[in-house]
Amino acid sequence: MDYAKAGVDIKKEEKSISAIKKVISESFSLRTGLGRPLTEIGHFSGLIEFGKYALALSTDGAGTKTIIAKRLEKYDTIGIDLVAMCVNDLLCNGVEPMAFVDYVVMDETDENFLAELGKGLLEGAKQANTVIIGGETATHPNMKDHEVNFDLAGTALGFVKKDHIITGKDIAVNDVVIGLKSSGIHSNGLSLARAVLLDGTEDEPILHELLTPTRIYVKPILNLLKFVPVKGMAHITGGGLLNLKRLTHYGVEIEMPEPHKIFNKIQEKGNVDLKEMYKTFNMGVGFTVIVSEDTVKETKDILGEHEVYELGVVTKENSISVTNLDFTL
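Position 18 of the sequence shown, counted from 1, bears residue number 18 in our numbering, the numbering being contiguous throughout.
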């Protein structure tokens with residue numbers, strides 16, 4: 001089993017994204033001065049000129065984790081995932097999240113569902129120190145016939161001083177990659193996980209494990225940025241370790257920690273290739289920071305209350321080499 005057979009073809013997605021990117025990038029010339037784009041499409045967030053600052057936007061969803069929530073009829077945590085997916089992406093550019101809006105589409109208006117959903121959104125906002133300033137709800141009756149009768153999307157807004165924007169351009173060979181532990185599967189790879197793990201018998205414990213909320217890294221990372229000149233950051237989401245390639249033309253040589261048990265279950269039950277696992281899931285590391293060798297100890301000390309791993313170093317080769325598992329991406 002692999003991600004494409006489960007219905008998500010990453011290569012096809014990349015080709016499709018390139019098609020729309022080619023068209024919408026023409027809009028970049030529409031503004032100069034205030035609102036001028038400061039980054040190309042493809043970073044973890046999009047940044048625009050705003051005086052001495054840059055404003056940043058990131059939008060995302062919770063993927064097919066909505067199906068897990070529906071199966072359990074448990075909706076009070078998936079709002080955390082929605083906030084997490086957006087604010088963690090903002091962090092990658094050194095951005096402090098400050099506001100969030102959500103979009104909820106349902107087959108019919110449901111007061112109890114929205115109240116439960118709101119609990120998770122509020123908890124996510126608290127963890128990210130971010131206000132939810134509004135949103136949009138829509139009723140689509142035709143969703144009644146689908147496996148899940150609702151969907152979610154969110155957009156986070158943040159700010160950063162222009163001279164503090166982090167893009168990965170300063171990353172150099174021998175810089176060190178630090179990983180922060182994930183809480184579990186987070187919000188990516190659920191289509192493959194469901195295809196492998198859920199057979200309709202005794203699914204409830206696994207469903208609860210899959211529904212574990214995505215970890216929000218805002219507070220530890222913003223604290224780190226006060227003291228350490230971080231060179232690059234990656235939110236390990238769809239694409240797994242390949243997200244590190246979004247930061248620099250250099251490669252990395254790393255050793256990955258023992259993954260969460262849920263990933264071992266997926267690999268064993270689905271006979272999923274090891275490289276496919278690390279190209280699909282976070283495998284226990286939900287966020288990475290890249291720092292100079294001389295700031296490693298300070299970085300680990302500051303992040304000390306959170307479980308962190310010194311994964312490895314930046315190399316000249318444009319590849320991701322996982323030495324303890326003997327494969328290269």
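No wet-lab data here; the hints were simulated from the structure. We put the CB at the ideal spot given by N, CA and C, even for glycine. Certain hints may be false.
List of simulated lysine-lysine pairs, DSS-like, C-alpha gap at most 27 Å [said to hold, decoys possible]:
(1) Lys226 / Lys22
(2) Lys161 / Lys126
(3) Lys169 / Lys316
Beta-carbon label-pair distances, calculated as ranges [to be verified]:
(4) Val148 / Asp301: 41 to 47 Å
(5) His249 / Phe159: 25 to 31 Å
(6) Asp199 / Ser27: 20 to 26 Å
(7) Phe327 / Lys5: 18 to 24 Å
(8) Ser319 / Gly33: 22 to 28 Å
(9) Lys269 / Phe327: 34 to 40 Å
Provide an ascending list of the numbers of those earlier hints which the structure does not satisfy. 1, 6, 8, 9
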